[in-house]
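Student: Residue numbers (this note's numbering), protein chains in the order written: chain A, 44 to 424; chain B, 44 to 424; chain C, 44 to 424; chain D, 44 to 424.
These aren't lab readings, by the way, just hints derived from the structure by calculation. It is possible that part of the hints are untrue.
Pairs count within a copy or across copies, as identical chains cannot be separated in the list.
List of simulated lysine-lysine pairs, DSSO-like, C-alpha gap at most 30 Å [stated by the list, open to error]:
#	residue 1	residue 2
1	K411	K46
2	K277	K319
3	K342	K360
4	K319	K92
5	K360	K411
6	K319	K308
7	K274	K187
8	K342	K274
9	K277	K111
10	K83	K170
11	K319	K360
12	K411	K116
13	K187	K342
14	K277	K116
15	K170	K265
16	K411	K274
17	K422	K411
18	K187	K308
19	K308	K116
20	K319	K342
21	K319	K187
22	K342	K111
23	K111	K422
24	K111	K265
4 protein chains.
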Amino acid sequence: MAKNQLNIGMVGYGFMGRAHSNAFRKAGNFFPLDYDIVLKAACARSADKAQAFADNWGYESIETDWRKLIERKDIDVIDIASPNDTHKEIALAAAAAGKMILCEKPLGRNATESEEMVAAVEAAGVKNMVWYNYRRVPAVTMAKQLVEEGRLGRIFHYRAKFLQDWTINADLPQGGAALWRLDVDVAGSGVTGDLLAHCIDTAMWLNGPIVEVSAMTETFVKERMHNLTGKVEKVGIDDASIFMARFANGSLATFEATRYARGHKALYTLEMNGEKASLFWDLHDLHRLQYFDHADEGKLRAWRNIHVSDGDQPYMKNWWVPGLQIGYEHSFVHQVADFVTGLGEGTTPSPTFREALQTDYVTDAVLKSARERNWQPVKQS
Amino acid sequence: MAKNQLNIGMVGYGFMGRAHSNAFRKAGNFFPLDYDIVLKAACARSADKAQAFADNWGYESIETDWRKLIERKDIDVIDIASPNDTHKEIALAAAAAGKMILCEKPLGRNATESEEMVAAVEAAGVKNMVWYNYRRVPAVTMAKQLVEEGRLGRIFHYRAKFLQDWTINADLPQGGAALWRLDVDVAGSGVTGDLLAHCIDTAMWLNGPIVEVSAMTETFVKERMHNLTGKVEKVGIDDASIFMARFANGSLATFEATRYARGHKALYTLEMNGEKASLFWDLHDLHRLQYFDHADEGKLRAWRNIHVSDGDQPYMKNWWVPGLQIGYEHSFVHQVADFVTGLGEGTTPSPTFREALQTDYVTDAVLKSARERNWQPVKQS
Amino acid sequence: MAKNQLNIGMVGYGFMGRAHSNAFRKAGNFFPLDYDIVLKAACARSADKAQAFADNWGYESIETDWRKLIERKDIDVIDIASPNDTHKEIALAAAAAGKMILCEKPLGRNATESEEMVAAVEAAGVKNMVWYNYRRVPAVTMAKQLVEEGRLGRIFHYRAKFLQDWTINADLPQGGAALWRLDVDVAGSGVTGDLLAHCIDTAMWLNGPIVEVSAMTETFVKERMHNLTGKVEKVGIDDASIFMARFANGSLATFEATRYARGHKALYTLEMNGEKASLFWDLHDLHRLQYFDHADEGKLRAWRNIHVSDGDQPYMKNWWVPGLQIGYEHSFVHQVADFVTGLGEGTTPSPTFREALQTDYVTDAVLKSARERNWQPVKQS
Amino acid sequence: MAKNQLNIGMVGYGFMGRAHSNAFRKAGNFFPLDYDIVLKAACARSADKAQAFADNWGYESIETDWRKLIERKDIDVIDIASPNDTHKEIALAAAAAGKMILCEKPLGRNATESEEMVAAVEAAGVKNMVWYNYRRVPAVTMAKQLVEEGRLGRIFHYRAKFLQDWTINADLPQGGAALWRLDVDVAGSGVTGDLLAHCIDTAMWLNGPIVEVSAMTETFVKERMHNLTGKVEKVGIDDASIFMARFANGSLATFEATRYARGHKALYTLEMNGEKASLFWDLHDLHRLQYFDHADEGKLRAWRNIHVSDGDQPYMKNWWVPGLQIGYEHSFVHQVADFVTGLGEGTTPSPTFREALQTDYVTDAVLKSARERNWQPVKQS
């Protein structure tokens, strides 16, 4: 029986363009989907780059103007994998055209942009999802299960950090191509929107709403050569961003992100301490979940180092055999599989644009708190 | 410019059929190849199973008789991913037909079979390779680099083990479908050919020839219901296999494989101790390599826990960004990429059938030593 | 040649009384000291308890009034190992009597008390030291060496936390005997003075002055039965205390302490991220130091897991042989050895009362910041 | 009430002399003993060395001839901490004099010597014990408890190794003082008696009798300068010793010891795999026990990393508080405490000379197997 097709129109060809394309290609090989995912068109301003990307991934056609891509009748889904400053405009147009929309995170450069995007997709009634991929690392998904099963009990503490070290070199320029994340006009913020946003999304998914924050940020290298102007210019992004928070459930939290933590490439860690149990996860060993259960017999009570590779653990029965780990890219495959499965079932897998907006309310409050040096309440969506 | 096509004919649809198919589909997305890999035909005795497998992975056609597959002019490569007892016959026919051959490990059920297979491919002059995939886990490939760069100096010790626990339950039957690995007629041996073969292949690649062995084996569960006969029958395979060895370079070794090590799913570990440095690797955290360099300053001398995810480490510049790990399946992708790259360059990537035969000489010596309870020399190819 | 005697008068017989007594007894066996340390007298209000303690540790005599102990001519050193609310009064009297003073941490219940104590010992010109023992865990001492050798370069981040879980049970009473740490009148504060004080002392030793803090505290269990009154009473201590900080060197920090982190018994961890190198330490594996040096060759760059047990590492040549670890109690032995060695050399080993006062300035600022919900500058001594 | 005295006469002043003396001094501080342990006399051929040692540890007197020490009426216990070639003669004389005897391991240089020693103490009816200290590392003691409680079920595999790297340097001489372990005449054998003996003692304690062995040994550096003769002489010891074994319970084992494993200082590891559970221990983190229980719920089944520092774990209620680790030396303290407790109770704590003899039967079989290149049965005591 022939399946329905789901035609993808991809905007962007960078790191995330690759990660999404790989996920679109693989999801149907490992998960039973009701739709055939078709890589219909890849879009980039440069025709050469678009064509090279399309050839590499098997996109059937290219566009050099995302407006044209949106106009095409043969496109069902617009995937926004271009820099942050393009998200809003593309999303608004795609929603108006009735397309389903997948958008890279953060949703907008700030909550104001994101509010417009949410309004647009909700008014248009189109399916929408944001690529907060870490929710679908099996170990993190299992953490969510454990929380929902009530195994942790009352939560006292939440801790998350995302540590990198790739911008310590003061000679690294800002802006353009792979370095747009250092250009505040394009990125909106520094590590707050890039890294903390991931931590916040997972945190609220696992532990509920964040009520208030107190933050500090720092830009260690104050000026960098700008690739687009050729001049040394003030750096507008935050290099490091730290905040304390209270959740609605009464738990206390610390969050930290930086690109100045020598020795850490992409160390996203999270920990929850509950009355009955605790858990810990670390992106550098993403196939493991640490778990401590106080109900265990006293002398044998200990942190369990769970190798999340068994069929009874989330997503894993669709991959290999116990003991054989999967990696980073698979979180995107799972998100595609869940999205497509949701289509068939008429459900809307999270995180939606609205959920992602809530993360932006937190990051906005973090940046405001850092500027004003005080506690800030977090707007609730 | 259109690339040449490389047309794959796949025999088998099980665990390894999936792993290879995934690798064929992904290699060109991540590595610049001169050929387009085309999944031309999938072959299984059951037409339904062949079709389901073909649909899942995008094979263009199916066959239900591997002889027909070999006869097809539009097939360039025969990939043997069926149980061990079929390897020889298929390989001989494919060689006679002038096809390139990729064969799952172990090559034959014993060295006698493997010798025939080597003779066949060498007589026919066809490209051939065996899927000892662990050589191409980036951390293991880096171990090879370190050895070749002379960083370890004279080697004193080699240690490898491959521990599983999935057959402890005495109620597990033997034979048929997913349980052919417990049927000695199909598998040839137990953990010796299944697990130790991997350890031996990597060991000789890293540390050179094994000269002599002294082994012990055990079958803990002596009888199991046989799925093919419906009767309780004697178990012919070895459940555990342990041997001591001497390498040609004078180093001493211990090897061990078992399916009765409670708590270990697929714990393949290897360690080398050299005069100047040591290294350690563990399949359960396959993206890491432990390395100790005696040349380091005394008080800071320590095992380094290398997260193999940087662009200057083997294969990794083709994947994501530093800190983001890949998994088990990628070792197969690398093997495909190397094989296809070799085609363009006219080189023959290892391990060839001949190299795999040498592993069988070792496993044969191991089994003989265990039977005769003495030291056995290893035949050298 | 007979050595001079150094006569100890111990006040207290609890956990710290034991830790100090053990250190006094062992220091001379492992370190070449110019003095014979003599356990002269143990003091407790209960004669029975004092006598039992003296018998156990070999104290020659007992006192039941610390004023009598201080009056004795045959006592050189008063060691204050009694609860926090007694520190000031005893220290002032001991200083007036010209005794050397060793005092458990925190110095006073708050900086006001500590200022009086500093004034007293400085006016009297008596040797003084505070038992911030973690400085002398060999791995921590080595961290200090690495920092002083300039190996880390400019520091960007400091992180410390001290996590416990022993007061989660709401039925645990407060006050009296082993539970005085939950009684705010005796302890002065909760985890801030008990646990964070350790983190702060080490932090300033390694990374210099803390300039300003923003804190939050929480008391999860608001009321507990009070052992001294027999009534359920409001809990006055902080159960958890978290703060962000800026150091004078421009680095950013997070600090956290809690007794509600299920699964952690005494998890004191610290981490420093510098431009050139990073280091990490963990009390649960106190014999190890993690170190990352960016100067290492690219593909081998990694965190080194240093087993601090070699003779070229701090204090270790006086213990066993490489590979054999020491434990918690040895940090106290090292402090005694350094103190006595300092006597012979006429130097004053840190931390002195004055240095410990600076820690109290930070904890006072933390508590004030948590109350007032704003940033607080830290008074500098 | 005054306790009885237990007067110790110590022979030897090296590494083990220190370890034992420390244990004698500390045991009574931490464990409630019915005897006061008195360091009565230290014995060494050099009066200067004996006096220095006595001064350091508080021995009341010295002897320069162990025969004189044994003759003294005021000595209850002779502790033999001198090199292996002295064990037998001293033990025989001490037994004849009716002294209790504590002897460093291995008991004799070979089983023939050990048999004489066993006969002597048993004929004399004197208390005797051998310093196989690792049994009393709390994590190892807990492993014993778990085995005895039947938690592991039928045992399939035992693995132990003891890896060091201190003799790789070919310029290291043999013989005399600290290097007697490289002199076969003094030591009896190399790593077999020094390191494997520890592994074997623990193994039989945990897993029962060893029935047969097949071994290989190697001397990597064939000649070394001899400190006693001043000449380069053939090295008689084994540098590395590896063996396979079968236990009486049907389990299979591998054992390995070497002083040529670069990067390992004293890495004694042991692992048991049972039908129901597995456990693992590592001397480099001796305060931890890894435990896997198959009865755990499927998705949460994992290795537990137990921090052995709680009061409900062996020996630990006598030390500090949960989370605070002890070290190597404490295993000796526990052995003293158990020995003295046994005196009061009239029991004989293991391992006795007879139990240690059984270890020598295994090491003798290992050395014979390596020479003859065949399987050797193990003599049972």
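Student: Does each hint fit the structure? Answer for all of them.
Tutor: Hint-by-hint comparison with the structure:
1. K411 to K46: neither (49 Å within a copy, 54 Å between copies)
2. K277 to K319: For K277 and K319, the Cα distance is within 30 Å only across copies (24 Å; inside one copy 49 Å).
3. K342 to K360: So K342 and K360 pass the 30 Å test across copies only (12 Å; inside, 33 Å).
4. K319 to K92: Neither, since 53 Å and 37 Å both go past 30 Å.
5. K360 to K411: neither (44 Å within a copy, 38 Å between copies)
6. K319 to K308: between (32 Å within a copy, 15 Å between copies)
7. K274 to K187: neither (47 Å within a copy, 40 Å between copies)
8. K342 to K274: Classified as neither: same-chain Cα gap 63 Å, cross-chain 33 Å, threshold 30 Å.
9. K277 to K111: Answer is neither: 36 Å inside a copy and 67 Å across each miss the 30 Å cutoff.
10. K83 to K170: within (18 Å within a copy, 36 Å between copies)
11. K319 to K360: both (29 Å within a copy, 24 Å between copies)
12. K411 to K116: neither (43 Å within a copy, 63 Å between copies)
13. K187 to K342: both (28 Å within a copy, 13 Å between copies)
14. K277 to K116: For K277 and K116, neither the intra-copy (44 Å) nor the inter-copy (64 Å) Cα distance is at most 30 Å.
15. K170 to K265: Intra 41 Å, inter 46 Å, cutoff 30 Å: neither.
16. K411 to K274: Only inside one copy: K411 and K274 sit 29 Å apart there, 45 Å across copies, limit 30 Å.
17. K422 to K411: both (12 Å within a copy, 27 Å between copies)
18. K187 to K308: both (25 Å within a copy, 24 Å between copies)
19. K308 to K116: neither (42 Å within a copy, 49 Å between copies)
20. K319 to K342: both (16 Å within a copy, 18 Å between copies)
21. K319 to K187: Close inside one copy (15 Å) and across copies (29 Å); limit 30 Å.
22. K342 to K111: neither (66 Å within a copy, 44 Å between copies)
23. K111 to K422: neither (36 Å within a copy, 63 Å between copies)
24. K111 to K265: So K111 and K265 fail the 30 Å test inside a copy (40 Å) and across (62 Å) alike.
Taken one by one, the earlier hints fail for this structure at numbers 1, 4, 5, 7, 8, 9, 12, 14, 15, 19, 22, 23 and 24, listed in ascending order.
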